[in-house]
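Sequences are here, hints too, so could you generate the full structure?
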Amino acid sequence: MSKIERIGGNVAGYVDDRTGAAKWLRKNLTKVFPDHWSFMLGEVVLYSFIILLLSGTFLTFWFDPSQREVIYQGSYEPLKDIKMSAAYASTLHISFDVRGGLLMRQIHHWAALIFMAGMIAHLMRVFFTGAFRKPREANWLIGVGLVTLGIVEGFLGYSLPDDLLSGTGIRIAEAIIQALPVVGSYLAFFAFGGAFPGEAFIPRIFTVHVLLLPGIFLALITVHLMLVWYQKHTQYPGPGRTEKNVVGYPLMPIYMAKAGGFFFIVFGVTALLGAVASINPIWLYGPYNPGQISAGSQPDFYMGWLDGLVRMAPPIETHAFGHTISWNILIPGLIIPGILFTLMAVYPFIESWMTGDKSEHHILERPRNNPNRTAIGAMSLAFILVVLINGGNDIIATNFHLTINQIMWFTRIGVIVIPPLVFVITKRICLSLQRADREKVLHGRETGRLVMLPHGEFVEVHEELTPEQKFTLTQHEQPAALVVPNADANGVLNPQGLKGKIRARFSQAHVEQIQAPTESEAKALEGGHH
Amino acid sequence: MVRINSGIKKISRYRRHRFAGPALLVVALISLGATFQVASALPSTTKMETTVKSTQIEEGKRIFALGCSSCHGLNAEGGSIAPSLIGVGAASVDFQVGTGRMPMQDMSQQAMRKKPIYNAEETAALAAYVASLAPGPDVINEAQLTYERDGNTAEGGELFRTNCAMCHNFAGQGGALSQGKYAPTLMGVEAKHIYEAMITGPQSMPVFSDKTITPEEKLSIIKWIKAAESEPNLGGASLGRVGPVTEGLLVWTLGLGLLIGIAVWLTAKAK
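If you're matching them up, the sequences are chains A and B in order.
For the first sequence, our numbering assigns the number 530 to the last residue and increments by one with no breaks.
For the second sequence, our numbering assigns the number 271 to the last residue and increments by one with no breaks.
A portion of the hints provided could be inaccurate.
Unchecked claim - Derived lysine to aspartate or glutamate pairs resembling EDC-like cross-links, with alpha carbons at most 16 Å apart:
no., chain 1, residue 1, chain 2, residue 2
1, B, K192, B, E155
2, A, K523, A, E439
3, A, K232, A, D35
4, A, K440, A, E521
5, A, K80, B, E155
6, A, K83, B, E155
7, A, K470, A, E512
8, B, K269, A, D35
9, B, K192, B, E217
Calculated directly from the structure, the hints in this document are not laboratory data.
All of these numbers come straight from a predicted model, not from anything done at the bench.
Written out as structure tokens, the structure is:
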């Protein structure tokens, strides 16, 4: 035993004697995690959050969150002697007069986009594999909360520099607040401390952006990760994987190394983007002035779908009892997003109600093996994509020589027609994939190798799958539809009424499956190779 | 005194000479002719210019009849598909023809900038012809484009954001208007043409008269546009200077694409 080992052992022993940490550490450092690229999407989000904290802290050293009017005297010539807010001037200062400031600003903003894109990708992974099922509903809810807060946090972040583009965004936010019937105007006055734009808003959202929301994020992320730790990670189906075990590698040393390395990779990619690609060039936008507006004013992508909804809304307003209700803002700006996020949050509960499934799930589903859910997800994505396209309609129009009006009408009709179409098509594709799986299990993989038999017949050689592959393709449960009785024991018809009927209908739709091959079917084919 | 008297006397001695009359006539004619020659020198060049101008107008009229009249009418009076050009002025012609917008290639929503079809001389002839129909804004010449000296970039930027950015985008990259019309990019446009566009209001663009935006302010706007054009991309690849749409596209393709690619690599099973 070397001297260093002995000292290390003594220190560890000292700590262990007083805290009993060794047992706890052994248990947790050897915790096993399954290995799959899609399980690293959440890590992307976590790491970009850390990057956001670090780069954001750097930016606060120079950022002055004030709408006090100053005259710019910095080194960016095209804005010299222009009146602007101190917030904008200090952002220019960070960009041009602080060493590494522009790089940090760009890293911060790219990290924010990666944070949001990563969250959405992670959410999609969790949804399409059914990872939100019991016992993980609470973590799903936390995730939905994080996405919602992420959108708000991002919006507040890019609003802080008080440039022409972000000021336009704040103006729209004000309009959305005002669209609330009756209380809207009062709330807007409250938020802005008077009439728009006032001097209060930037300092207020600064506090929310750097203190309140990051604090909530930290708390929610901690709970999110603790739940993952406690409930264990889900895993994809495969031989040897059950609902009672987790197959993978231990945290120490494999995942410590992988995850640690991946953090630096995420940081590297973010820094690469920050170094080579311009983002939010506020010096080109100019300072905010309510009398000015630029063509192609768009929000960041995670708000873009909201902008697209507002852009496609027909101009409907009603005036009643001395109040104006702007349906054209209220519906796309508040009601539809409200419905969407509520549906997303309660989806795990809806699904379990539809299927009557109350059991725990730790093995993920392949998206094709739950065609109804996959189709619902694809339908939602189609909806968001269509409205997102409308959010960038002017940029698309000029670049592809289309007209804004064409795009608007395409998306107005498309937002109603395309999602159901996508639902039907996705469901059919999933069922076809199931059929293909069934074929593969029963008849093997088509090798593309043609063989001529002695009597002149050509056959394609099918290669039988390995037992492991067969298991993976056939292990999934195929529950039957819920049976809603027509009459109860006392002969009362439709004991659950309409609700029961709807539930039975949903359940039927949800269990539509291609029968996975059974043992006996496989046996029957054996020997009869063709 | 005596000598002068004697000189005058000498001349006056010949006053009754028989050639005195003709000699005086010759002197008078020569001086009159010389005076006339000198006096007529300026009027004679004016006359020449008028002749040149009228040939230019003739030439313009000829080109107009060949290239423009099918839409704008034989006398530029306009038609069902093209506006009257009476009173639009030379500046308008110089802008539309000089930037290749006119003659139009097809009847799309709006004439687009392309390689000019007529050379400078022909454009000038057309401008002269249209200007001869009725007075209108004149072609902007180099001497008026003193934006480098008289313009103020920062002030131009403010004016641009107030008056131009709503259609042409914050960096002059252009933007979409309704029904397929668009505000074109201002990058690579000659200063002269920017100025002429402001005073003639081509297509969907309003006219910015000298009362709305003074000539000095126009020069400032041009100076800012030229500064924006030559400004290096300070933050790296510009992504088209069109705002967050291309940024979002990049993060979903390159950003997340790279990260997922690396994640796949990290979790790949050793073969």
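Evaluation of the provided hints:
no., hint, result
1, B/K192 with B/E155, "violated, 19 Å"
2, A/K523 with A/E439, "holds, 14 Å"
3, A/K232 with A/D35, "holds, 13 Å"
4, A/K440 with A/E521, "holds, 13 Å"
5, A/K80 with B/E155, "holds, 9 Å"
6, A/K83 with B/E155, "holds, 11 Å"
7, A/K470 with A/E512, "violated, 21 Å"
8, B/K269 with A/D35, "holds, 9 Å"
9, B/K192 with B/E217, "holds, 14 Å"
Consistency with the previously given hints fails for numbers 1, 7, ordered from lowest to highest.
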